[in-house]
Amino acid sequence: MKTLVLSKLDVPAFVRELQKRGKVVGPRRKESQFVFDEIRDPEDLALEYPTTILPPVRHLFPHQERLLHFQRKDVAASDEIVEGEPLILLGVHTCDVQGINILDEVFSDSPYDANYLARRAQTKVIALECQGPCSQYNLCLDKGTHRLEGGYDLLLIDLGDRYFIFTRTAAGESMVAETAFLRPATPVDREALGKAREMQSASLKPRLSGPVNRLPSALKEAYDDLLWEAIGRRCLSCETCTMVCPTCYCFDVDDEVAFDLNHGVRCRLWDSCQSHRFAEVAGGENFREKASHRQRHRLFKKEVFQFEKYGRSACVGCGRCSAQCVASIRLTDMYNQVLGG
Amino acid sequence: MIEALPAARKSLFVPEPARILRKEKLTAKETLFEVAIDKRSLGHKPCQFVEVSIAGIGEAPISVSSSPTSSATFDLCVRQVGSLTRAMHALEPGAQIGIRGPFGNGFPVEKIADKEVLFVCGGLGLAPLRSLILYCLENRGSYRRLVTLYGAKRPAERLYEKELLAWRKDARMELHETVDIAENGWTGHVGVITTLFDRIEVDPLETVAVVVGPPVMYKFVVLELLKRGIMESRIFMSLERRMRCGLGKCGHCQMNGIYVCQEGPVFCYSEVKKVREAL
Numbered sequence: 296m297k298t299l300v301l302s303k304l305d306v307p308a309f310v311r312e313l314q315k316r317g318k319v320v321g322p323r324r325k326e327s328q329f330v331f332d333e334i335r336d337p338e339d340l341a342l343e344y345p346t347t348i349l350p351p352v353r354h355l356f357p358h359q360e361r362l363l364h365f366q367r368k369d370v371a372a373s374d375e376i377v378e379g380e381p382l383i384l385l386g387v388h389t390c391d392v393q394g395i396n397i398l399d400e401v402f403s404d405s406p407y408d409a410n411y412l413a414r415r416a417q418t419k420v421i422a423l424e425c426q427g428p429c430s431q432y433n434l435c436l437d438k439g440t441h442r443l444e445g446g447y448d449l450l451l452i453d454l455g456d457r458y459f460i461f462t463r464t465a466a467g468e469s470m471v472a473e474t475a476f477l478r479p480a481t482p483v484d485r486e487a488l489g490k491a492r493e494m495q496s497a498s499l500k501p502r503l504s505g506p507v508n509r510l511p512s513a514l515k516e517a518y519d520d521l522l523w524e525a526i527g528r529r530c531l532s533c534e535t536c537t538m539v540c541p542t543c544y545c546f547d548v549d550d551e552v553a554f555d556l557n558h559g560v561r562c563r564l565w566d567s568c569q570s571h572r573f574a575e576v577a578g579g580e581n582f583r584e585k586a587s588h589r590q591r592h593r594l595f596k597k598e599v600f601q602f603e604k605y606g607r608s609a610c611v612g613c614g615r616c617s618a619q620c621v622a623s624i625r626l627t628d629m630y631n632q633v634l635g636g
Numbered sequence: 053m054i055e056a057l058p059a060a061r062k063s064l065f066v067p068e069p070a071r072i073l074r075k076e077k078l079t080a081k082e083t084l085f086e087v088a089i090d091k092r093s094l095g096h097k098p099c100q101f102v103e104v105s106i107a108g109i110g111e112a113p114i115s116v117s118s119s120p121t122s123s124a125t126f127d128l129c130v131r132q133v134g135s136l137t138r139a140m141h142a143l144e145p146g147a148q149i150g151i152r153g154p155f156g157n158g159f160p161v162e163k164i165a166d167k168e169v170l171f172v173c174g175g176l177g178l179a180p181l182r183s184l185i186l187y188c189l190e191n192r193g194s195y196r197r198l199v200t201l202y203g204a205k206r207p208a209e210r211l212y213e214k215e216l217l218a219w220r221k222d223a224r225m226e227l228h229e230t231v232d233i234a235e236n237g238w239t240g241h242v243g244v245i246t247t248l249f250d251r252i253e254v255d256p257l258e259t260v261a262v263v264v265g266p267p268v269m270y271k272f273v274v275l276e277l278l279k280r281g282i283m284e285s286r287i288f289m290s291l292e293r294r295m296r297c298g299l300g301k302c303g304h305c306q307m308n309g310i311y312v313c314q315e316g317p318v319f320c321y322s323e324v325k326k327v328r329e330a331l
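These protein sequence lines are chains A and B, in that order. With my numbering applied, the first sequence corresponds to residues 296 to 636, in that order. With my numbering applied, the second sequence corresponds to residues 53 to 331, in that order.
These are calculated hints, taken from the structure and not from any lab test. Among the clues, some could well be false.
Calculated pairs, EDC-like style, for lysine to aspartate or glutamate (alpha carbon to alpha carbon, straight line, at most 20 Å) [as the list claims (entries may be wrong)]: (1) B:K91 <-> A:D374; (2) B:K62 <-> A:E380; (3) A:K318 <-> A:E378; (4) B:K326 <-> A:E516; (5) B:K62 <-> A:E400; (6) A:K515 <-> B:E329; (7) B:K62 <-> A:E584; (8) B:K325 <-> A:E516; (9) A:K515 <-> B:E215; (10) B:K326 <-> A:D520; (11) A:K604 <-> B:E258; (12) B:K279 <-> B:E323; (13) B:K271 <-> A:E580; (14) A:K604 <-> B:E315; (15) A:K604 <-> B:E329; (16) A:K368 <-> B:E323; (17) B:K271 <-> A:E584; (18) B:K167 <-> B:E258; (19) A:K318 <-> A:E380; (20) B:K325 <-> A:D519; (21) B:K62 <-> A:E360; (22) B:K326 <-> B:E284; (23) A:K585 <-> B:E329; (24) B:K326 <-> A:E603; (25) A:K315 <-> A:E473; (26) B:K326 <-> A:D519; (27) B:K81 <-> A:E580; (28) B:K81 <-> B:E215.
Please construct the entire structure, taking both the sequences and the accompanying hints into account.
This is how it looks when you write it as structure tokens:
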């Protein structure tokens with residue numbers, strides 16, 4: 296692990312260096328909000344952003360992804376499409392890095408997902424620690440995702456006029472190896488780093504009324520609570536919560552036929568467990584017919600099912616689902632209700 | 053966080069070319085297709101399923117209806133219910149389809165060896181269960197007794213009518229049938245499937261039950277089995293869902309935390325009795 300310092304004045308030069316290694320995708324302004332998009336002009340990069348509409352992991356698991364070419368007359372002529380390109384995700388908040396870690400685990404779990412893994416294999420992650428809360432809904436302190444144990448190649452921490460950089464992997468070290476404008480960190484930088492992190496810790500407030508590790512058992516106890524009915528009455532099943540979630544990965548598969556009707560592509564598209572017909576079977580029975588059942592399923596998938604399978608939560612506490620819910624359904628409210636208090 | 057990413061590999065979404073060899077209309081809505089994959093035999097276990105693919109239409113999960121040991125081909129009993137199954141019904145022998153699979157855990161045949169096996173199936177449940185019934189008939193010596201209870205809504209909706217007639221005469225297995233609505237001169241038993249239980253003697257210590265049917269059927273049948281003293285660990289069932297990808301990812305078949313396409317569709321009652329959304 297190396298520690299380096301990058302002046303904020305040199306960020307455009309750093310981006311240009313990164314562009315030599317692949318497509319750089321980072322936060323940029325879109326009207327009043329921010330999105331993760333390709334950074335062609337380094338001036339477009341907006342590293343001081345609260346959060347983005349969609350999480351960066353969507354560049355590894357795109358909204359629509361081609362799975363195979365087909366010829367309608369000959370199945371043997373079906374040809375897999377596994378795409379990927381050198382990609383650098385720059386300025387990824389720590390919660391969103393954890394989102395990528397979670398999808399890495401899900402998609403490499405047997406049976407593996409070749410499409411995700413091919414994109415991921417060519418992706419480098421440059422993480423960025425937040426300086427403070429991005430909204431009133433973030434749960435990163437409760438979830439412990441305001442800091443990282445891994446999953447990145449480089450980590451940036453804002454020291455005001457400069458970034459402190461930790462390298463984590465060999466790929467990360469190679470990204471900073473030949474750049475003249477980076478200098479090794481000094482004791483002064485280290486002291487500033489300590490202060491920055493202290494300030495971050497002081498500005499982040501816990502939002503849960505009980506210990507986060509009680510969530511799986513508390514939710515299980517609350518399976519039949521009226522809470523879900525109340526939430527279900529407000530939920531419009533618009534699917535926004537699942538679309539903006541960094542760890543939602545449900546999908547549907549659909550064929551698109553070309554105009555000549557002879558060939559086409561099979562695609563997968565994001566799908567949502569919040570859609571009314573998601574759990575419907577051929578006979579017409581629907582196993583999660585009510586919005587209350589579907590909202591409960593969403594929370595259980597994050598906090599119970601994945602906990603039981605992988606020993607960790609699948610909610611990284613980014614707060615997007617709460618912030619963007621048109622019916623003001625807030626994750627914090629639901630968690631606190633089941634935790635009591 | 054995982055230690056290292058696995059290397060990129062072949063896509064699991066590409067279907068293998070297969071042919072329809074034979075087509076037999078079973079009822080107004082269901083047709084039997086005998087299928088062979090071009091380059092290999094399917095090598096399935098009873099109660100597994102495949103993803104049938106028609107380019108330009110899509111994919112649908114269909115359970116395999118034939119015994120694994122019977123031949124290099126396999127049977128799919130397909131109900132016309134969605135776009136893929138409608139398109140499949142329009143295909144004739146010789147037509148090509150795509151197959152992925154087999155998927156799912158399949159039936160643990162070792163769990164029923166030397167037992168009295170009671171098959172309880174309703175409606176289209178006979179389609180997957182036939183794979184196990186035929187397997188047991190082929191290996192008849194391994195079982196003390198085979199009993200099949202089959203319920204259909206109407207006489208005209210009975211699947212495998214010719215086979216049912218043969219089974220009725222077959223000394224290797226007892227068959228009891230019922231319909232919910234007697235029509236077309238039906239002279240047999242009338243009533244829901246649980247009313248057939250009065251017609252059979254069950255030895256609770258020796259019996260293993262296998263239940264496959266529409267979702268509504270399970271709790272009533274399980275209750276009936278438990279009343280007769282059959283142990284929870286000896287009640288098996290296939291709980292099929294909309295298994296879209298077959299790879300434990302897409303989420304459609306999830307039954308609480310269980311991906312049916314990977315961990316199911318065959319479950320033991322004692323495993324799933326506390327899983328909500330299961331029964």
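Results for each hint:
Under the criterion of a C-alpha separation no larger than 20 Å, the hint pairing K91 (chain B) with D374 (chain A) is consistent with the structure, at around 17 Å. Proposed proximity of K62 (chain B) and E380 (chain A) is supported: the alpha carbons are some 17 Å apart, at most 20 Å. Note on K318 (chain A) and E378 (chain A): the hinted pairing holds, with a Cα-Cα distance of about 14 Å set against a maximum of 20 Å. Restraint check: the Cα-Cα separation between K326 (chain B) and E516 (chain A) comes to about 13 Å, which is no more than 20 Å; the hinted pair holds.
This hinted pair checks out: K62 (chain B) and E400 (chain A) have alpha carbons roughly 18 Å apart, not beyond 20 Å. Between K515 (chain A) and E329 (chain B) the alpha-carbon distance is near 14 Å, which keeps this suggested pair within the 20 Å criterion. Straight-line distance between C-alpha atoms of K62 (chain B) and E584 (chain A) comes to about 36 Å, which puts the hinted pair past the 20 Å bound. Distance restraint check for K325 (chain B) and E516 (chain A): the Cα-Cα separation of roughly 17 Å lies within the 20 Å cut-off, and the hinted pair is therefore satisfied.
Simply put, K515 (chain A) and E215 (chain B) have alpha-carbon atoms about 47 Å apart, too far for the 20 Å limit, and the pair is violated. Proximity of K326 (chain B) to D520 (chain A) is assessed by CA-CA distance (about 17 Å); at most 20 Å being required, the pair is judged to hold. Our distance criterion of 20 Å between C-alpha atoms is broken by K604 (chain A) and E258 (chain B), whose separation comes to about 35 Å. Our distance criterion of 20 Å between C-alpha atoms is met by K279 (chain B) and E323 (chain B), whose separation comes to about 19 Å.
For the given pair, K271 (chain B) sits about 15 Å from E580 (chain A) by alpha-carbon distance, which is consistent with the 20 Å threshold. Taking the CA atoms of K604 (chain A) and E315 (chain B), the gap is near 12 Å; set against the 20 Å cutoff, the hint holds. The hinted pair formed by K604 (chain A) and E329 (chain B) meets the criterion: a straight-line CA distance of about 18 Å does not exceed 20 Å. Note on K368 (chain A) and E323 (chain B): the hinted pairing is violated, with a Cα-Cα distance of about 44 Å set against a maximum of 20 Å.
Taken as a hint, the K271 (chain B) and E584 (chain A) pair is honoured in the structure, with Cα atoms around 19 Å apart against an allowance of 20 Å. Proximity of K167 (chain B) to E258 (chain B) is assessed by CA-CA distance (about 6 Å); at most 20 Å being required, the pair is judged to hold. A threshold of 20 Å between alpha carbons decides the hint, and for K318 (chain A) with E380 (chain A) the separation of about 8 Å falls inside it, so the pair holds. Proximity of K325 (chain B) to D519 (chain A) is assessed by CA-CA distance (about 16 Å); at most 20 Å being required, the pair is judged to hold.
Among the hinted pairs, K62 (chain B) with E360 (chain A) is consistent with the structure: their alpha-carbon atoms are about 16 Å apart, no more than 20 Å. Taking the CA atoms of K326 (chain B) and E284 (chain B), the gap is near 12 Å; set against the 20 Å cutoff, the hint holds. Annotation: proposed proximity of K585 (chain A) to E329 (chain B) holds, straight-line Cα distance about 13 Å (limit 20 Å). Of the supplied pair hints, the one linking K326 (chain B) and E603 (chain A) holds, its CA atoms being roughly 15 Å apart against a limit of 20 Å.
This hinted pair checks out: K315 (chain A) and E473 (chain A) have alpha carbons roughly 12 Å apart, not beyond 20 Å. In summary, the hint linking K326 (chain B) to D519 (chain A) is supported, as the alpha carbons are separated by about 13 Å, within the 20 Å threshold. Taking the CA atoms of K81 (chain B) and E580 (chain A), the gap is near 18 Å; set against the 20 Å cutoff, the hint holds. Restraint check: the Cα-Cα separation between K81 (chain B) and E215 (chain B) comes to about 18 Å, which is no more than 20 Å; the hinted pair holds.
Violated hints, in rising order: 7, 9, 11 and 16; the structure is consistent with all others.
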